Amino acid sequence: MALDSKTDTKPQTFKVIGTRPLRPDGIDKVTGRARFGADMSAPGMLVGLVLRSPHAHARIRSIDTSAAEALTGVHAVVTRADFGPLRDEGTADVLDNCMAGDKALYDGHAVAAVAATSGKVARQALKLIKVDYQPLPHVTDVDAAMAPDAPALHEGRADETVPAGMSGNVMARHEFGHGDIDAGLSQADRVLERTYRTEATHQGYIEPHACLATMNSDGQADLWCCTQGHYMVRNTCAAILGLEQGQLRVTASEIGGGFGGKTTVFLEPVALKLSQKSGRPVKMVMSRAEVLRATGPTASSSIDVRIGMTRDGRITAGFAELRYQGGAYPGSPVDMGSMSAFAPYDLENVRTVGFDVVTNRPKQAAYRAPGAPMAAFAVESAIDELARGFGLDPLEVRLKNAAREGTRASYGPTYPAIGLEATLRTAKDHPHWSAPLGPNQGRGVACGFWFNFGGDTCVSLNITPDGTVTLSEGNPDIGGSRASMSMMAAEELGIPYDRVRTVIADTGSLGQNEVTDGSRVTFAVGLATIEAARAAKREMCKRAAQVWGIDEDAVIWEDGAARPAGPNAGQHPPMSLAEIAAIASNTGGPIAGHFEVNAEGAGVSFATHMVDTEVDPDTGAVKILRYTVFQDAGKAVHPSYVEGQFQGGAVQGIGWALNEAYIYGEDGILQNPGFLDYRIPVASDLPMIDTVILEIPNPGHPYGVRGVGETSIVPPLAAVANSVSDAAGVRMTSLPMSPPKLLAAIQSGTS
Amino acid sequence: MSKIHVTTTINGDPVEYLCDAEDTLLDVLRDHLGLTGSKEGCGTGDCGACSVTVDGRLVCACLMLGAEAAGHEIGTIEGMAKGDQLHPLQQKFIEHAALQCGICTPGILVAAKSLLDHNPDPSEEETRYWLAGNLCRCTGYDKIIRAVLDAAKDMREAS
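Taken in order, these protein sequences are the chains called D and G. Quick note on numbering: numbering that gives the first Met the number 0 labels position 336 of the first sequence as 335, and the sequence is numbered without any gaps. Quick note on numbering: numbering that gives the first Met the number 0 labels position 156 of the second sequence as 155, and the sequence is numbered without any gaps.
Just so you know, the hints here were simulated from the structure itself, not pulled from any lab data. None of these values were measured; they are calculated from a predicted model. There could be a bad hint or two in this list.
If you want the ones that stay clear, here's a sample from chain G, every Cβ over 10 angstroms from chain D, calculated [claimed, not checked]:
#1 54
#2 55
#3 79
#4 85
#5 89
#6 94
#7 99
#8 116
#9 152
With a straight-line cut-off of 25 angstroms between C-alpha atoms, the simulated DMTMM-like cross-links for lysine to aspartate or glutamate are [to be verified]:
#10 126(D) - 26(G)
#11 119(D) - 15(G)
#12 102(D) - 81(D)
#13 14(D) - 125(G)
#14 622(D) - 26(G)
#15 622(D) - 125(G)
#16 152(G) - 689(D)
#17 740(D) - 689(D)
#18 81(G) - 54(G)
#19 740(D) - 676(D)
#20 119(D) - 123(G)
#21 102(D) - 289(D)
#22 541(D) - 505(D)
#23 81(G) - 684(D)
#24 541(D) - 428(D)
#25 399(D) - 192(D)
#26 126(D) - 54(G)
#27 541(D) - 552(D)
#28 126(D) - 124(G)
#29 102(D) - 87(D)
#30 152(G) - 684(D)
#31 126(D) - 149(G)
#32 276(D) - 81(D)
#33 622(D) - 124(G)
#34 119(D) - 19(G)
#35 119(D) - 125(G)
#36 276(D) - 21(G)
#37 119(D) - 54(G)
#38 119(D) - 30(G)
#39 126(D) - 27(D)
Glycine included, C-beta positions come from ideal geometry on N, C-alpha and C.
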């Protein structure tokens, strides 16, 4: 839909937007009172635990649960046999991932679950379940899985886009672009061809998945869980369990990080089924090892890039073939990687081809700008190598080729006003760019792009009799969104920020809300909040007009009050929101505003990152010396939390570039399912992360807001690799750049 | 096996509980006593989300048995504010936007308070190394470090 009010991009002046008020959930979160997924309990509650496959790939011949069921204190055991046929085949893979059918497809795949009076009894019960496995050949590497003779996970499931003769593990082929690659390459002074590899990394949220389920025999059910979208949980669980959506009420707990990884279900349908069978509430909490073995990491990738460049830095053609394995089911984000790979550039000839590949690994889940960081690593590394090879300034080369308003994007659309050029110019003028470097130190830059998203959104804004405001929204507050929603409501209504309280409503209280994904919340929920506030203002103007006995068109809302305006309005003192609220009962009843939309116009976002590193030539260890993020936020509603998104994304990218990797043995078993061996960045690894917020208003939002959460993880893989390559004097094309790998590259003079 | 009877002190209050021999202090705090401010992020002492103090020493509650708390003074996040008065670290964390999702926040606050109890004037580097055992995935640590240093400064000026 198009909102007429969204097209105004004139500079606006704000009273609340752009300030830094304290977040309303701050005290709960610094005192330990905030209730996260595992912090809820219910009377008579049982503890649920999952039995997981020790094999990378195995046929499940039979499961004998009789001994477990006979154990005192065990109240329910479930396997796949307890889940009936699905009404909606679209959830078949989700169910199969939650509870394996005839095959276990990866190390850690759930095969059975128990509910017992304590964790101790449940653990004993798991040991009594006898699963007869027939181990099958497995494959975990993306290129190995594409070999014609690779063990196939699913026969005959390939999409019609896959050419005949490819491995049965290739599920889909995607292609984007325009122009003539060969003609473009022939105009280049140099054509660079390289292969780049990245490993799978986990979102690494500190809170493991957790839920508390109660399901009654009459089909009514309640679920408490940590999720990025409780409406998605409701719809998915209802489909899997054959419930009516309206009978399942899901309440989102506070969420201890998600980054895309909590946009699907793992435990929730199992907990509901255990509750149904036992007739008791069932609580389930994953261990860290379960999180790493059985919830979504991101895809690993293998990417071939071919780019032609003229001596003066003009890119004449860009081609990439991207191969992503997304674990045991179709749906790796290779489509988005292929669309985003060259998105920052204005190219006459550009083409990307992506292959979605399955392997014996946990199904990937979205991870912050899913698919884009690996693609940017490949393309931004190649552009950097070409630029440096010609002795050109890497920022100048990017500016020369930068996409602008009117550019036809590599993935199809034509860009409206975008901020890439602003980030590049600001980066070039920043003191970081000209700061001196010491021995063994290097500097790298890279650009990144993300689409951003809007989606189904429903909010309700209610005016209380004493003139305060409650806002109900349906997306969990994952990093300060209660504050930004309250700010937008306060701005629009012309009242102080602390007069608004935002609550995250359960699924029984609002219409459908899309999961917290695509950096959508500040944009889409913010847009709906503003429109709901506008609806409430219209109603309040109507009430004032009624009191004054004038036409409602003769009343305007300004500075938190209804005021007469226009030639026939007459003289009336303004009526404040509180005054109108106080007499609402006498003027027609309670006052509320609501808004429902499938929000479009999210507005793409760009960033440029700059990083200095120092490489220890004796050990291959890398130290991050200085890091600056330049990103377009459209309009920063609460700048502190915008900076926080920039910093957090950059540091996750640093981890991806330097340390983090899923490591599989020859046996297909994950070797590092713990935070000791799967090492995310810690405080002593890092310097301060400097940020520069640029504001190129998004014409699709009343205040110009663009999503900021995801773009920040797109550039750092390449920026760090370009910096390390500069410092070490050797081009790194494979992540992570762990000390042994970097040391070997330095010693051999090549990666 | 019968349960173990433990008498201890938590946040200054006398507490008694029964626990199994294998229950960790974190299990006891969260599941027996309803003190869910301490979080379980890993259960292996690698994330620091369950940081508590035992006789003033910083400990991961997931690495200590509930039975071992007998006779000691345990400090958790629930004891950090005094009535409705937040500790300066708690206040600075809110002011600096040093939390996004907030799951690591209780553990980091307990660890940071332990740092300032030992060293009222830490450098940025000392702060970063002291907090290296507390994982945060949201913030990149920047605002956390600033909040701790700012709280330390205010506390020095107030004393």
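Enumerate the violated hints, using their earlier numbering and listing them in ascending order.
-> Of the numbered hints given earlier, those the structure breaks are 3, 4, 5, 6, 7, 13, 14, 17, 20, 22, 23, 24, 26, 28, 31, 35, 36, 37, 39, listed in rising order.
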